[in-house]
Amino acid sequence: MEVRNLVKHFPISRGILIKHNVGAVKAVDDISFQIEQGETLGIVGETGCGKSTTARLMMRLLEATSGEILFEGDDITRLKGAQLKAIRREVQMIFQDPYSSLNPRKTIGSIIAEPFAIHKLLTGKGERKRAVQELMETVGLNPEHYNRYPHEFSGGQRQRIGVARALALKPKLLIADEPVSALDVSIQAQVLNLLRDLQRQLGLTVVFIAHDQSVVRHMCDRVAVMYLGKIVEIGPGDALYSTPSHPYTGALLAAVPVADPSHHGQDRRLLSGDVPSPANPPSACRFHTRCPKAQPLCSTDEPALEDKGSGTLAACHFPLTREELALIGVRSGG
Amino acid sequence: MSGYIVRRLLWGLLLLVIVCALTFIIFRVIPTGNPALRRAGRDPQPKEIKEIERVLGLGKPLPVQFWEYIKGIVLHFNLGYSYYSDAPVKSLISERLPATFSLMVGAAAMWLIGGLSVGIVSALKQRSIFDRGAMGTALALISAPEFWLGLVLLFLFSSDIGKFKIFPGAGSYVGITSDPWKWFTSLLMPWFVLASGSAAIYARLMRGSLIETMSEDYIRTARAKGLPERSVVRQGVRAAINPIVTLFGLEVGVLLGGAIIVEDVFNIPGIGRLSYQAIVSSDFSVVQGTVLVAAMFIIVANIVVDIVYAYLDPRVRYS
Amino acid sequence: MSAAEPLLRVEDLRVEFPSEDGVVHAVDGVSYDVYDGRTLGIVGESGSGKTVSSLTTLGLTRRQGARISGRIMFEGRDLVALPEDQLRGIRGNDIAMIFQDPLSSLHPLYRVGKQLIEAVRVHRDVSKAQARERAVELLGLVGIPDPATRVDQYPHEFSGGMRQRVMIAMALANEPKLLIADEPTTALDVTVQAQILALLERLQRELGMAIVVITHDLGVVAEMADDIAVMYAGRIVEKTSADLLFSKPEHPYTWGLLQSIPTLTGSREEPLIPISGTPPSLINPPSGCHFHPRCPYAEPEHAIVDPQLEQLADQPSHGVACLLEVDVRRRLWSEMRSGSTPQEALAEVKDDGPDAADGGAGS
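Protein chains in written order, with the working numbering: chain A, 1 to 334; chain B, 1 to 319; chain C, 1 to 363.
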């Protein structure tokens, strides 16, 4: 899939009697990236960075304000009707909350079979049931539980049901929107391993959206870091996690608490303040209000996403040097 | 906040204009036949009909008629003339306004105080005998039609025909200025009848809202701060009231409708009774006038509710 | 571990809740100590009982019909037996608590200043003006810019991180000796989380208070805690200093947690080693050792015998509740450190036969 200059603005309206647009929440503000077949791309960022909106744009659950989304070379940005439905067979999504993303009134058999029903596939007698049970086995569920209801399953199992449903149509692209954030730690590993195994077995291309850096690092080949609707850095996981160029990436990595008390007490430079509102983002480089390296140039000239020599593309006028990495406390093994 | 208020007031104004237009259409344009004839009363003389036609401006084009209609309302409160009762509608209504006002305000007070307090106690003592009893009674009261309830109460308690002669009977209403005590006692049963349905609904709603509120995280925080339980409950009630406030505007409309029946059962000379009699005797002008007044009253009540709600919930003001 | 008297001592706490489906055994015999100026981290997943044990410390589970047994000693008084009005005098005063979601934990319809003032005036006899001054002071203490203006704002006018600071300010209003923080950063972005944790550490240094941090995040306890208790299904399975927990973990559940979380520094190629199975029901917890259905090294008798928290002979401050022999455990762990899976490690250890294990384990 390729995304070019994708923009999504949510208009804000004000007015005494007649509402007029006074501005917009610039959720996604001109991003471009590619996803190669078979790779796992991670998109990370904090609240308001636009990663969930990007996922929904790629799924065509939202209409882009402008820009293009290309899938296998074809522009799918403005598709409607039957053509859009055809794309849905290729691009599927796993959602964050396993407790609210499954219809509580349907058996899990019918939930997993729903994609077949919608696209009128496998209409032969018992074909659907067989396919569903196969899917259930693939994701590690007992096929005999076909007729049970979601509330009879735990969070981790429900997430597996979601995965089974997403895989029913053998999609080419799977978008996982925070698939493990709502799960207990001991279950997260189960679901993450499942996703990794499935990706290898089925040759899936996966977009993995999360706020947890460690999870993304583990699961993804390439990672894009978003901040206030822009991609600030994108590159292979090894490079991004060992030698990030963008100060925001550095700050994110430095902020992650490490499960090793011997690190405690090591100096970390923490980011101050809060994320600005996406309705009123800072000018030029969005990060300049919180960036420890900001110079006057940063508030006038928006930096382009370019190779800064450390293996990743970063949008920064003054990328991090190796000395600075240690100073701000980035500690990772690449 | 002031932007919010201005917006609400402007909307209200627009609504009032629309209401005037609707009453105009309903009462002058839609009915077949000569509007003058409909208003003319019993055995009209042709001369009278001509006079009414002239007053109504029937010869002129509709938009002009409407404009004069609105002008009359806005500038003179001219709501028409009732040929049945031989008096301007305006004076008919204003004579009866105090009675209805007394009835409505008292009923609203009884409904709010009674409904909310019963609801609060029920929520705090969930599943107790009080709770089950109160909610059962509430269900009965919601189901009971006003005329039935009114008649039953008269039959039981009124001083003239009742079994236990406690309250003054029907027809004993007097203005507050002439005899305050009699005014008060004569309205107790009507207030109860009018308020009971709404009070019961409010009790149930308050109970549900408070139960939900008391399980919220901020109540846990309040307790963790060491606040005494009554302060904690007060915080809960404060939050529980919000969802219910907006309903008040709707319930006022119901109350107005109920007033018509209650005034008739208890023989209270109010606007409700006036409109009932006007409907029965086909006195078009009066019906039109009372509909307009009622609609305006409800619009104003809802605007007030909206503003009060914004005051109670600061989060609303910024939208 | 300090030799001084603990500030808070929890002794054999048990908490049960009646429910429609049966009795929920939320806390099943838990004991721990909290010392002045030190931070205890309680780690566990949902259903481990970590939150319930802290809520019970402040008596906040009484209303839900909880059946509580055991003792919680604080300044010579048993909080479990303390009458409600006396316990209320301690809440928000000597012991304060902050919760996970600052948006829902602050009253949405009252100004922040009012909520702070209330926290002060319920325990101190001061005027409104004095309380307001204190409120502004507290907001400044927790790092909220322009506190004199912001004190009159509503909670929804603050961002997530700021709201948590407000909650912390409210908890500190009366300079508590103990602060209990229940998942204080779980709902926050990671950069904000780092700020809040740094704030808590600074406040602890300045005010000398003890902190109990409840979380599921091992990274957070590694940052914050001096001592850590790991809870599973209502019981403490391991309890020791933070250093020892991460360098010499002894309980299979702790190993499971450490091995199943991805880190920024570990290998990216190796798959995570999850803990198999699902979290247990607290209404019908597994018999014997609660962890045995999910433990790769469980023996049949582990389903019958209840493990007790026992101090290790060579690390007296390190308590473990596990029925496996110490030597066997350590060999298992060293096998896994060098890259074996649990199954491989178990096979290795069993292979080495009786001279490696002293009865009990291995057949």
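Everything labelled a hint here was simulated from the structure, so no lab data went into it.
The structure presented is a predicted model; accordingly, all values stated were derived computationally and were not measured.
Just so you know, not all the hints are guaranteed correct.
To be verified - Pair by pair, the computed Cβ-Cβ distance ranges are: (1) R89(A) <-> S317(C): 32 to 42 Å; (2) A148(C) <-> K71(B): 53 to 63 Å; (3) R268(C) <-> N103(A): 34 to 44 Å; (4) N103(A) <-> V300(B): 55 to 65 Å; (5) P145(C) <-> L297(A): 53 to 63 Å; (6) S110(A) <-> E270(C): 52 to 62 Å.
Don't be surprised by glycine CBs; every beta carbon is placed ideally from N, CA and C.
State the violated hints by number, sorted upward, taking the hints as numbered earlier in the document. 1, 4, 5 and 6
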